[in-house]
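Residue numbers (the numbering used here), protein chains in the order written: chain A, 1 to 329; chain B, 1001 to 1341.
There may be inaccurate statements among the hints.
[Said to hold, decoys possible] When the alpha-carbon atoms are kept at most 27 Å apart in a straight line, the in silico BS3-like pairs for lysine-lysine are as follows: (1) Lys44(A) with Lys1182(B); (2) Lys267(A) with Lys246(A); (3) Lys1012(B) with Lys1075(B); (4) Lys225(A) with Lys321(A); (5) Lys1340(B) with Lys246(A); (6) Lys1182(B) with Lys49(A); (7) Lys1281(B) with Lys49(A); (8) Lys49(A) with Lys1149(B); (9) Lys1304(B) with Lys1273(B); (10) Lys225(A) with Lys183(A); (11) Lys1149(B) with Lys44(A); (12) Lys1281(B) with Lys1124(B); (13) Lys1182(B) with Lys35(A); (14) Lys44(A) with Lys1012(B); (15) Lys1012(B) with Lys1340(B).
To be clear, the hints were calculated from the coordinates, so they are not data collected in a lab. Please read all numbers here as calculations on a predicted model, not as lab measurements.
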Amino acid sequence: MQLPVLSYIEAVTQALDEEMSRDENVFVMGEDVGKRGGVFQATKGLYDKYGENRVIDTPLAESAIAGVGIGAAMYGMRPVAEMQFSDFMLPAANQIISEAAKTRYRSNNEWSVPMTIRAPFGGGVHGGLYHSQSMEAIFANVPGLKIVIPSTPYDVKGLLKASIRDNDPVIFFEHKRAYRLIKGEVPVDDYTIPLGTADVKRVGTDVTVITYGLMVHYAMQAADKLAAEGISTHILDLRTVYPLDKEAIIEAARKTGKVLLLTEDTKEGSVISEAAAIIAENCLFDLDAPIRRLAAPDAPAMPYAGPLEHAFMVKPEQVEKEIRNLAEF
Amino acid sequence: MIKARSGETLVKNRHQNLGLSDEVVLSMYENMLKARRVDERLWLLNRAGKIPFVVSCQGQESAQVGAAFGLNREKDYVAPYYRDFGFVFAWGMTIKEMMLNNFAKAEDPSSAGRQMPGHFSYRKLRMLSHSSPVTTQNPHAVGIALAAKIKGDDLVSFVDFGEGSSNQGDFHEAANFAAVHKLPVIFMCENNQYAISVGLKHQLACAHVSDRAIGYGMFGKSFDGNDPLAAYAAVKEAADRAHRGEGPTLLEANCYRLMPHTSDDNDMTYRTKEEVNEAKKHDGVLTFAAYLRSVGVLTEVREKEMEDQIRNEIDEATDYAENAPFADPDSVLRYVYEEKN
Ligand SMILES: Cc1ncc(C[n+]2csc(CCOP(=O)(O)OP(=O)(O)O)c2C)c(N)n1
Ligand SMILES: [Mg+2]
């Protein structure tokens, strides 16, 4: 039987809709999420269906969006708070890091914050410095948080539902470029994907690519091309970038002994650097080549002008080249 | 109206006008006294090297206790801040629990010794957990009120904070959110005139913290923070407004921090003994006792009973907390995330 094909953002909307109808404690809040349905239309139709009490247009104030969400979560609700762009989460960083992440711990398990924060991230959309960034590394050193970054519509639906049902705070980063670019089959039924589990997106024998988000698709394209040259690529999609699925990373590294770590975030201190440390600690002697990292340059953020943006952003050709180099090592 | 003789002047019975019985005002006083005596004991324990840190409530008990009595103590949600000894006692925390908190022992209901003293939390009492970065609790209180509104639950969400803290972005964001959504929140600023060493003049350019209310389109009011009856009346009025659907209120309790900021502070580097001594003349614990005596509610016998009972309770609680075990060191790994099964 043919499954319906949805875009990445349609999968977001479907997951929200299903969770809201399944559990009356789930509600959506954020800037322009109501009548407008979100600036990207992720909450399209929800306002009409569930009303202004459960699809709440908030004042333009991110710390309040996170902080009010935390309070509502402590009351027993399951807020899904939207940050219009992940770049604008920083005013809420104190609420996320000092409050949401630590509430269970500091209250010795009495209080908890079952909140999901959705935030569009990523470059390649002519967004300039402040509508293009990858923010995951800022939060990926904060025990108490979970950070999810899906790459496909199937994963979007299953992971967003799991995030909403999770009893701890989850940051759910959605790639803006993927919103309409990436389409895929999404079952109509209710399913969840466990948080904290990476997924093998392609099985191969020569080189392993460990990545997440839009870069999964860059890796898949490169792998298709390289297959014609006889190079077999193994691709692990992290899906949850904090805490990392260590076993899956070790297993994927061992599989081929040659590892390319790929992110569109700036390089130093990025999530893939932690993956490199995990591999080095656990299976260094299974490697046949030095670990390679491909990432954006260590410059503040992606410029707006086309050629500059292009220069900053990781490119599919670079991914292909790095895999080939490793295969030939 | 009952009038009683106090020295030369006739003192009006003010609590009857507020609908408060003699027993209720005595209970208010008892909670204020508990807070004061516990605080005094904590300083002794600190100076004796038994506890590493004290954050003090002295000078703010009246506002705290009066406020708690103005709320529904069976139903409302509260987010007290680190000086709120009087509030948490009136809200149901025991002296023993307070001592366990200050000794950071496993049985401390706020955090099992994970947090510094005064970072109150008590789920059973609908008391939110708060952290050290100031004013982060304000949006949480708004979230409680938002959730209650969504669920159709009739309750009030109450939050306390200092006047220095009223400059934080979270104060502003929370106040604005609550006002826009007409949520049943009471923001109460305990203005003790200092934020560590920095006085009011260097914190706000407006005359009163409550002046800020108008900017959010909410009701604002300042009151004498040395008077528990004024606090009671102000909070009761704010709670009534909230229940009527009239939205949040910003209250300001004008009081004075009688002790240094914490046991690590030396307040004589930025204020004078004379100033502190002057403030002590208006100390609410003393003036309220004098009021209660003057209207014939607090008798010598009753006062002595209260003092004795509180002292015994503090003695027992101190012994208990001092000898109680710390949490198991292995527990540092627990409750980072939900533990299934
Ligand atoms: C965000 C933040 N900045 C600084 C501090 C350090 N600090 C703790 S209490 C305090 C003063 C608070 O003054 P106020 O709000 O007036 O409350 P009070 O202690 O006087 O009751 C400061 C600066 C802090 N805890 N949080
Ligand atoms: Mg102060």
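Here's how the hints hold up against the structure:
no., hint, in the structure
1, Lys44(A) with Lys1182(B), "holds (26 Å)"
2, Lys267(A) with Lys246(A), "holds (20 Å)"
3, Lys1012(B) with Lys1075(B), "violated (32 Å)"
4, Lys225(A) with Lys321(A), "holds (11 Å)"
5, Lys1340(B) with Lys246(A), "holds (20 Å)"
6, Lys1182(B) with Lys49(A), "holds (23 Å)"
7, Lys1281(B) with Lys49(A), "violated (61 Å)"
8, Lys49(A) with Lys1149(B), "holds (19 Å)"
9, Lys1304(B) with Lys1273(B), "violated (30 Å)"
10, Lys225(A) with Lys183(A), "holds (20 Å)"
11, Lys1149(B) with Lys44(A), "holds (24 Å)"
12, Lys1281(B) with Lys1124(B), "violated (38 Å)"
13, Lys1182(B) with Lys35(A), "holds (20 Å)"
14, Lys44(A) with Lys1012(B), "violated (62 Å)"
15, Lys1012(B) with Lys1340(B), "violated (60 Å)"
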